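Engineer: So you can see what is in the structure, the chains are spelled out below.
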Amino acid sequence: MGWRTYLLAGAVLLSGCGGRQSTLDTHSPQTHDIAVLWWWMLGIASVVFFGAVGLLALAWLRRRTPGLPVVGENEGINRNLVLAFGIAIPIVVLVTLFLVANVTVLGATAAPRPGSTAMTIRVVGHQWFWEIRYPGTAAVTANEIHIPTRTRVNVVAATGDVIHSLWVPELNRKVDTVPGRANRILLYADKPGTYRGQCSEFCGLQHAHMALQVVAEAPVQYRAWLANMARPARAPATPQQTAGRATFLATTCSSCHAIRGTEARADVGPDLTHVATRATLASDTIPNTPAELLGWISDPQHVKPGAKMPGLSLTPAQFREIAAYLESLR
Amino acid sequence: MSAVADTSQGRARADRLERIWREPSGLFGWLKTTDHKRIGLMYLFASLTFFAAGGTEALLIRTQLIGPDIHVLGPQAYNQVFTMHGITMIFLFVIPIATGAFGNYLVPLMIGARDMAFPRLNALSFWIFAASGIFMYTGMAIGQAPDAGWFDYVPLASRAFSPGRGIDFYALGLIFNSISTTAAAVNFIVTIFRMRAPGMSLNRMPLFCYAFLATSFALVFALPALTCALVFLELDRRLGFNFYDASQGGDPLLWQHLFWIFGHPEVYIIILPAFGIATSIIPAFTRRRMVAFPLVALAELLVAFIGFGVWAHHMFATGLSNATVVFFAAASLIIVIPSGIQLFAWLMTILSGTPSFRTPLLFIGGFIVFFLLGGLSGVAFAAIPFDQQLTDTYFVVAHFHFVIFGAAVFPILGGLHYWFPKVTGRMYHEGVGVLSFWLAFAGTALTFFPMHIAGLLGMPRRVYTYPADLGWSGLNLLESIGAYVLSAGLLLIAANLLVSLRRGAIAGPDPWHGPTLEWTIPSPPPAYNFAVIPQVTSPYANWDEQDRAADLRALDAGERVLEQGHETPSSTVLDAEWDEALDMPSESGWPILLAATLALVFTMLLLGHWVTASVFAGLLGLVLFAWHLEEPQEG
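These protein sequence lines are chains X and P, in that order.
Sequential numbering of the first sequence, starting at 1, is according to my numbering.
Sequential numbering of the second sequence, starting at 1, is according to my numbering.
Be a bit skeptical, because a hint or two may be false.
[What the hints assert, rightly or not] Here are some, though not all, of the chain P residues that point toward chain X, as calculated from beta-carbon distances under 8 angstroms:
hint: 1; residue: Phe28
hint: 2; residue: Asn79
hint: 3; residue: Leu253
hint: 4; residue: Val291
hint: 5; residue: Ala292
hint: 6; residue: Gly340
hint: 7; residue: Ala345
hint: 8; residue: Leu376
hint: 9; residue: Gln388
hint: 10; residue: Gln389
[To be verified] Now the stretches of chain P that chain X is said to cover, found in silico as 3 or more residues with beta-carbon under 8 angstroms:
hint: 11; region: 132-142
hint: 12; region: 309-321
hint: 13; region: 351-361
hint: 14; region: 465-471
hint: 15; region: 530-540
Hints were generated in silico from the structure; no laboratory data involved.
Quick caveat: nothing in here was measured; it's all calculated off a predicted structure.
No residue lacks a Cβ here, since even glycine has one placed at the ideal position from N, Cα and C.
Sequences are here, hints too, so could you generate the full structure?
Structural biologist: Structure (structure tokens):
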């Protein structure tokens, strides 16, 4: 393990191979531009940083010698160097940065002009999950945005309560969801994949567990997915599932959640019509496996303390029936 | 050279001044004091106590985040702890230690005055500050600490989403606190403009005082926006107003605008005193005058001014119009220039001088390194798309801790060592000082640098935990280890200074051959500060030996001594020509009584007892009236 190993490890880490939410692991032209801007800024900042620290080091080496190297004691040169390093050079660098960042890249990452995209998705932040709607269809889902690849998607981001911030770092910059405003952002993915996002404006107790996934898939698959999402829920196929549905509708589950095609029509919590198709539960807090699902509905406050979903006093058998029903909602 | 009385006439005059200016010792002497040095020391101890509280909160945060999915603190406790950490460090530590402790103790000494312009107002500032801190920590003690972050965005902070008393402790506590800060700022402005020693025209004023002047002006203009925002918030929460409620025609972004109109100048308010300390330490330890003095003075004032035009860069992700964000990005880039001027003026001074890298200058070196890191990452936030990508991530946490901790607190730590001999009369231990610097330096770098990378890897700020599979775990472990190393460094500094209080070598009046007037008088300074009011011809008065010799001759002759009463001279604003001798008030019990009454008013407001609150407000009027019956007599 020499320094080369560490350097390599650092480079791997920085290039984002370690994470699934890295601003440097870019999958759209927008994040690519921002990342290029970042690497340039890092390069220029490094020159300034090491230059200035170099002056400090030089001062230490020459601590017994008054005056500057070469020119000696000369107040006029001292002052002119301050003018050059403190005013002249910064003006050139800053004007360049301004033009590149705030004219060129800003234009590239701007919200799409109204009507310039083929499709729009509406995302509503809630404490603590994301509601996702596909205008023009009946599809409503949560915490999992599906988009077709190589398609510009206009996302309208709003909030149902406090300010959240919709951020999928590998696809685009973030945008806050502010009450009374409909902010917009472009989502575009170069290639199929799953990109993690997370609320990035502090929104209360479970801000830490308010993540989402953007699933980019080939347009054909996307259309099939959307058609399924727009359909009402399947009918239960086994006696256990039927019992689960009955319990769901009879208890407080249905006073918060909707399952389209049943009497459950509330919109306080996530729409569960096709909950079994989602990869994760509780805003990307746990994987959507039968065991995790059962654990989550039996004791939500253990998984996500402070979440709005209360623990219900049902029997273990009733929880298993509800879980069986929910697992059938594909 | 120092100007300590060394003839029998001189000593006799000094003794007479001592009898006139000496305050009672003991507890009541401290409670009633109006001596800027005693008030400065009380500010120092109180703000360091809050620093210990804020530091403990930081360690709790770093322990909770040491690994993924850890549950040392639950989400509720975590949110309270990080909110109180921010409030404590900004409002109860950095500002009060910089202005209250360093400013109070040193500004009168540097300008050759015997006290601040308004000594009783000064005492009032301290007692209100202390009471407001106790007020806010009472909330934490009863489990009702604010938990919406130090910038407390609505609607999260509205009654609907934060129904407890925590946000009310925050809002009322900060209104209370800002009374203290405003009073202190006004006091500094008048003191610096009207109390300078004869001959100290503005162009001969130490850069330290320029920094405090700029900070004070910024405070006076920034705090009203915060107060306004907080009053609106309380009206919304308590009386059903709708300033911030979008569903009733209000706007939550109004809070953000008002908060950051205060909040961004606040950053410069925090850092300017640190610049002032740097410009004091650098000449003393490089044994030369500052390079480009007028440029640095101008830059200090410009930073405070331009700082008012950049607030919306905290709001680039809120959906402001393009024209707005571009304007604020441009302003944010412009402010880089005065900061750059100062940075290179410090560097060129150190480079062209003969620096002696003792503890105070080491802390300034650390300050320069961290200011570069925090400043350069700050420039990146003026690139709007980058800001919109990285805002509210750990990259921001890294950035502002390098600014507020690295760049603002390191000079304070250096200043504690630099002026320790002046305040206590004893030297700190140099070897331990150097060791504590390197521990604090390494700890700071290790705590905050990896946060840049965590932010780039997508870690949002203010999360109480994080999953293991996002590549953040190793970085967070490093940060937490750094926090413990940093704590060890800070504890070592405290131990060194505490032991040196009793064990340190006797310092004498001028151990560093410092440039400014405080080094002309004995250590610790006598109650009257200056036996003879100095006559000044440069910003480096202690290096002007002929002037100081003239001062001693004046003392023997009884000129500029003002030994007939409790007096200090005032001078004209620009040229500092001798104006008149002012009769200064002596110790008074009214300031602490007034602060206590005000605390009762705020407590009643918190409890919603409006009638009782107005009764106490009436009592407040009576106390003010009684205070003014005790005016010093004319002539």
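Engineer: A separate judgement is required for each hint: does it hold in the structure or not?
Structural biologist: Hint-by-hint comparison with the structure:
For Phe28/P, the shortest C-beta to C-beta distance to chain X is roughly 46 angstroms, which exceeds 8 angstroms, and the interface hint is violated. Look at Asn79/P: its Cβ gets to within about 7 angstroms of chain X, closer than 8 angstroms, so that hint holds up. With 8 angstroms as the threshold, the beta carbon of Leu253/P comes within range of chain X, its nearest partner Cβ sitting at about 6 angstroms, so the hint holds. The restraint placing Val291/P at the interface with chain X holds, with a minimum CB-CB distance near 4 angstroms, inside the 8 angstroms limit.
A hinted interface residue such as Ala292/P counts as satisfied when its beta carbon comes closer than 8 angstroms to some beta carbon of chain X; here the least separation is about 5 angstroms, so the hint holds. Because the smallest distance between the Cβ of Gly340/P and any Cβ of chain X comes to about 4 angstroms, under 8 angstroms, the interface hint for this residue holds. With a least beta-carbon distance of about 5 angstroms to chain X, the hint placing Ala345/P at the interface is held under the 8 angstroms criterion. Interface hint status for Leu376/P: upheld, as the beta-carbon distance to the closest one in chain X is roughly 4 angstroms, under 8 angstroms.
With 8 angstroms as the threshold, the beta carbon of Gln388/P comes within range of chain X, its nearest partner Cβ sitting at about 4 angstroms, so the hint holds. A least Cβ separation of about 4 angstroms between Gln389/P and chain X falls short of the 8 angstroms threshold, and the interface hint therefore holds. Figure legend: the region 132-142 of chain P, annotated as covered by chain X; annotation inconsistent (0 residues with Cβ-Cβ distances under 8 angstroms, at least 3 required). For the region 309-321 of chain P, the stated coverage by chain X holds: 3 residues have a C-beta nearer than 8 angstroms to a C-beta of that chain, and at least 3 were required.
Three residues within the 8 angstroms Cβ limit are the bar, and the region 351-361 of chain P against chain X gives 7, so the coverage statement holds. Counting residues of the region 465-471 of chain P whose beta carbon lies closer than 8 angstroms to any beta carbon of chain X gives 5, which meets the minimum of three for the stated coverage. Check result for the region 530-540 of chain P against chain X: violated, 0 residues qualifying (beta carbon to beta carbon below 8 angstroms, three or more required).
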